[in-house]
Amino acid sequence: MLKIAKYIILDIVRSKVLLAYTLLLLAISLTIFLSDADVTKGLVSITTVILIIIPLVSIVYATTYYFNAAEFTEMLVSQPISRRNILLGKFIGISSSILLAFFIGVCIPVCLFAFSATGITLMISGCLLTLSFISLAFLTSTITRDKAKGIGLALMLWFYFSIIFDGLVLLFLTLFADYPLEKAMIVLTALNPIDLARILILLQLDISALMGYTGALYQQFFGSGVGIVFSLLMQTIWIIVPLFFALKIFKKKDL
Numbered sequence: 293m294l295k296i297a298k299y300i301i302l303d304i305v306r307s308k309v310l311l312a313y314t315l316l317l318l319a320i321s322l323t324i325f326l327s328d329a330d331v332t333k334g335l336v337s338i339t340t341v342i343l344i345i346i347p348l349v350s351i352v353y354a355t356t357y358y359f360n361a362a363e364f365t366e367m368l369v370s371q372p373i374s375r376r377n378i379l380l381g382k383f384i385g386i387s388s389s390i391l392l393a394f395f396i397g398v399c400i401p402v403c404l405f406a407f408s409a410t411g412i413t414l415m416i417s418g419c420l421l422t423l424s425f426i427s428l429a430f431l432t433s434t435i436t437r438d439k440a441k442g443i444g445l446a447l448m449l450w451f452y453f454s455i456i457f458d459g460l461v462l463l464f465l466t467l468f469a470d471y472p473l474e475k476a477m478i479v480l481t482a483l484n485p486i487d488l489a490r491i492l493i494l495l496q497l498d499i500s501a502l503m504g505y506t507g508a509l510y511q512q513f514f515g516s517g518v519g520i521v522f523s524l525l526m527q528t529i530w531i532i533v534p535l536f537f538a539l540k541i542f543k544k545k546d547l
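Numbering of the sequence shown is given in the numbering used here, commencing with residue 293 and proceeding in unit increments.
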């Protein structure tokens, strides 16, 4: 498993796409921090950017690489290696490579300009968000054989979690405004890893107005401590559950 991961890491780090992603994150982070002396504003700006870019790049790149490495996967399956180790090796390899890009592009600038509890929270949430969308990418990739369908499904998931979900939440709030919705909103928030990451970061900043309805409810009813623990737990579940089902499908899949 670790040998597979090592091979994939060495293959991906030479990728121009990963290099471009790293430089893009680095350029955005440095531009934000160098253009504004207010560290809090800088962290809010970076949060806004990473909540869009990280899920998109993670799910699309992981899906694309998964299908591009189909022949390599078939070769591994023909060897005396368990399918579980093959898929986990690929997951570790792809995840490590994309996390390395995030570390260079975001974590290093944050450590240099905004090393604080909020900065650490941003780095942790960015890593968890990366892993959760890579996990979703593996699930979509194991469901279908066709590369175009896999990428299309990945884009649909990103679009849903990034844009459509919040619209549905607002619609839900409007339709049931006369009812107590606190518990329902907590459940709805747990169904979106991007919202969980947003809450994990912005609870530290104590900026409820920028957190939307879901984040404000977290702050109001749970407080920052409980909200952060809950967000971390649910974000971890978003990593484990899709990967678990991807493993089940991959073990039975006819390659």
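Don't read these hints as lab results, they were simulated from the structure. Please read these numbers as outputs of a predicted model, since none were measured by experiment. Be aware that a few hints might be false.
[As the list claims (entries may be wrong)] Capping the alpha-carbon separation at 35 Å, the derived lysine-lysine pairs in DSBU-like fashion look like this:
#, residue 1, residue 2
1, 298, 475
2, 308, 439
3, 298, 540
4, 333, 544
5, 543, 441
6, 543, 308
7, 295, 475
8, 543, 333
[Said to hold, decoys possible] The calculated label-pair distances, taken between Cβ atoms and stated as ranges, are:
#, residue 1, residue 2, range
9, 299, 340, 34 to 40 Å
10, 371, 306, 54 to 60 Å
11, 403, 525, 24 to 30 Å
For every residue, glycine included, the Cβ atom is placed at its ideal position computed from N, Cα and C.
>> Of the numbered hints stated earlier in the document, which are not met by this structure?
In response: 1, 4, 7, 8, 10
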